[in-house]
Amino acid sequence: MSKILSFLSVIYILAVSSDATTFEKNGITYHMKYDMSGYYSLSTHGMHVLTPGLIADIENIEWMEIDQQNLTDVEPGTFRNLPKLRRLKITANNIPHIKTGIFNSLSNLTNLELYVNSVYQIDPNAFDNMTTLKYIGLSFNQLESVDPHWFLQTPSLEFIDLRYNRLTKLPASSFGNIKSPGPFILWFDGNYITRIDKDAFSGMKTISTLSLDGNKLKTMTGDFLLGREIDWLSFRANKIECIDQRHFATVFVANYTKIWSNSWHMECFKKIKTWAKENHKNVLYDPY
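So the sequence shown is residues -20 to -1, 1 to 268, counted in mature numbering (1 follows the signal peptide of the UniProt record, and there is no 0).
These are calculated hints, taken from the structure and not from any lab test.
Computed from a prediction, not measured in an experiment: that's the story for all the values here.
Among the hints, a few may not be true.
Simulated restraints, written as ranges between beta carbons of each label pair [claimed, not checked]: (1) 72 with 40: 19 to 29 Å; (2) 87 with 236: 34 to 44 Å; (3) 87 with 1: 19 to 29 Å; (4) 257 with 57: 56 to 66 Å; (5) 31 with 235: 40 to 50 Å; (6) 160 with 201: 20 to 30 Å; (7) 206 with 148: 16 to 26 Å; (8) 266 with 60: 46 to 56 Å; (9) 36 with 243: 45 to 55 Å; (10) 91 with 243: 35 to 45 Å; (11) 250 with 230: 11 to 21 Å; (12) 236 with 201: 11 to 21 Å; (13) 250 with 53: 53 to 63 Å; (14) 19 with 77: 19 to 29 Å.
For lysine-lysine, the following PhoX-like pairs were computed, each having C-alpha atoms within a straight-line distance of at most 20 Å [stated by the list, open to error]: (15) 149 with 196; (16) 64 with 5; (17) 219 with 251; (18) 198 with 219; (19) 5 with 69; (20) 261 with 250; (21) 64 with 114; (22) 178 with 149; (23) 198 with 178; (24) 69 with 114; (25) 149 with 198.
Ideal Cβ placement from N, Cα and C applies to all residues, glycine included.
Whole structure, please, built from the sequences with the hints as guidance.
Dropping the structure here:
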């Protein structure tokens, strides 16, 4: 019997060692991915709610993926003492509400990916004190608005992905509380945006990419771009028929602007091409 116990002890030690390919803790199985030490995907074995302290006290984990596990809730305090965790991916579940206290203690997290989770509500302080966070992915959810408090305490943020939600407008000061110096990448593709208020991006001076493809914009004045330094601007596949020539200088401020697949009136389209050539602006008319 003592030999059997010794053997099982060795197996357990191997299972939880820093270079283990698989180990279990609190009913969850951790599988190493791509033979990369520190990168694990998690199997919850039918557990639909992650409870406080369930994923805790693991020193070697750097990337964590919880994908397609039919989760319906993650409770505040689920993640504790994960000092090396830099990337957390919780995707393709059914989590409607992101609550304060779920991620706030992850002090070294740089990437947070929450795609395809049916999220329609995020608490105002859900991302507070995430001082190293650079990228947040919220695409393919059900969000109808942006809360300006979300990014109040994310001073390193550079990339926000809000594609394919249910946004209909970007009100004034939507991103007015941003403290990060940027430059920023902002993706809003595939929403239902018809209006962008003048001060929507008031907290952002430098934007490397602003993508508004596949929305419902019918025209633009460029007011929301005033005072911004922009490298790439894209508003392909909207409903724009024309832009008043008085606004060309405020709309086409980026180094490169993509405008194809709208409903352009031919005469207006010709005026844009002529103006862009005369003013040495890179306005891209087609994908070729």
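Comparing the hints with the structure gives:
1. 72 with 40: 19 to 29 Å: 26 Å, holds
2. 87 with 236: 34 to 44 Å: 37 Å, holds
3. 87 with 1: 19 to 29 Å: 27 Å, holds
4. 257 with 57: 56 to 66 Å: For residue 57 against residue 257, whose Cβ atoms are near 59 Å apart, the range 56 to 66 Å holds.
5. 31 with 235: 40 to 50 Å: At 49 Å between Cβs, range holds.
6. 160 with 201: 20 to 30 Å: 27 Å, holds
7. 206 with 148: 16 to 26 Å: 22 Å, holds
8. 266 with 60: 46 to 56 Å: At roughly 52 Å between Cβ atoms, residue 60 and residue 266 fall inside 46 to 56 Å, so the hint holds.
9. 36 with 243: 45 to 55 Å: 54 Å, holds
10. 91 with 243: 35 to 45 Å: Check passed, 37 Å falls within 35 to 45 Å.
11. 250 with 230: 11 to 21 Å: The hint (11 to 21 Å, Cβ to Cβ) holds, given that residue 250 and residue 230 are roughly 20 Å apart.
12. 236 with 201: 11 to 21 Å: 20 Å, holds
13. 250 with 53: 53 to 63 Å: 55 Å, holds
14. 19 with 77: 19 to 29 Å: For residue 19 and residue 77 the Cβ distance comes to about 28 Å; the hint holds.
15. 149 with 196: Distance of about 10 Å is within 20 Å: holds.
16. 64 with 5: This hinted pair holds, its Cα atoms lying about 18 Å apart.
17. 219 with 251: Roughly 18 Å between the alpha carbons, so the hint for residue 219 and residue 251 holds.
18. 198 with 219: 5 Å, holds
19. 5 with 69: 19 Å, holds
20. 261 with 250: Holds, at about 14 Å.
21. 64 with 114: At roughly 16 Å apart (the allowed maximum being 20 Å), residue 114 and residue 64 satisfy the hint.
22. 178 with 149: 12 Å, holds
23. 198 with 178: 16 Å, holds
24. 69 with 114: Since the Cα atoms of residue 69 and residue 114 sit roughly 14 Å apart, the hinted pair holds (cutoff 20 Å).
25. 149 with 198: 13 Å, holds
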